[in-house]
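> Here the sequence shown is numbered in UniProt numbering, starting from 1 and rising by one per residue.
Treat each hint with caution, since some may be false.
[What the hints assert, rightly or not] Here are the simulated distance ranges between beta carbons:
| id | residue 1 | residue 2 | range |
| --- | --- | --- | --- |
| 1 | Asn62 | Pro124 | 23 to 29 Å |
| 2 | Thr97 | Gly63 | 15 to 21 Å |
| 3 | Trp34 | Gln81 | 32 to 38 Å |
| 4 | Ala76 | Gln114 | 16 to 22 Å |
| 5 | Cys90 | Gly117 | 21 to 27 Å |
| 6 | Gly111 | Pro23 | 19 to 25 Å |
| 7 | Gly87 | Ser25 | 21 to 27 Å |
| 8 | Thr122 | Met21 | 18 to 24 Å |
| 9 | Trp34 | Asn62 | 15 to 21 Å |
Source of the hints: derived by calculation from the structure; they are not laboratory data. C-beta atoms are modelled at their ideal positions from N, C-alpha and C, and glycine is treated no differently.
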Amino acid sequence: MEFGKIVLSKGKLNAIEQEPMNPFSAIARHYRNWTFRRNDWRIVQNITAPRFTDILQAHIDNGWEITDNYQGFDPAMAKWQCQLRKGTSCLRCHWRTGAGSIYGPARILNGLGQKFGLSVLTSPQ
Numbered sequence: 001m002e003f004g005k006i007v008l009s010k011g012k013l014n015a016i017e018q019e020p021m022n023p024f025s026a027i028a029r030h031y032r033n034w035t036f037r038r039n040d041w042r043i044v045q046n047i048t049a050p051r052f053t054d055i056l057q058a059h060i061d062n063g064w065e066i067t068d069n070y071q072g073f074d075p076a077m078a079k080w081q082c083q084l085r086k087g088t089s090c091l092r093c094h095w096r097t098g099a100g101s102i103y104g105p106a107r108i109l110n111g112l113g114q115k116f117g118l119s120v121l122t123s124p125q
């Protein structure tokens, strides 16, 4: 008998089944996860517009420079991205309709997560 994604057979609970993944999607996901591990990157996802603005402004006030973008951030935009650079450190910021994400070196993102109360992930979800 099947209920959602949990499968019951002969009264025992089997492992939760996942949606079948396209082979190309699986390869792309594996490569992305490997890249994050190899470079010791972390990511913060699903950042709301006010918090995303606060993070950008706090970094700019601390001497970070926005590169690769000549427009200011506006939450109404469907798509926006930039790089925050300070010395040799670089954070990549992405905004997609309603939620933002930031990824970069673990030592910087772990501090950002503590300062703003965000969960820091080892790879994109």
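> Looking back at the hints listed earlier, which ones does the structure fail to meet?
2, 3, 4, 6, 7 and 9
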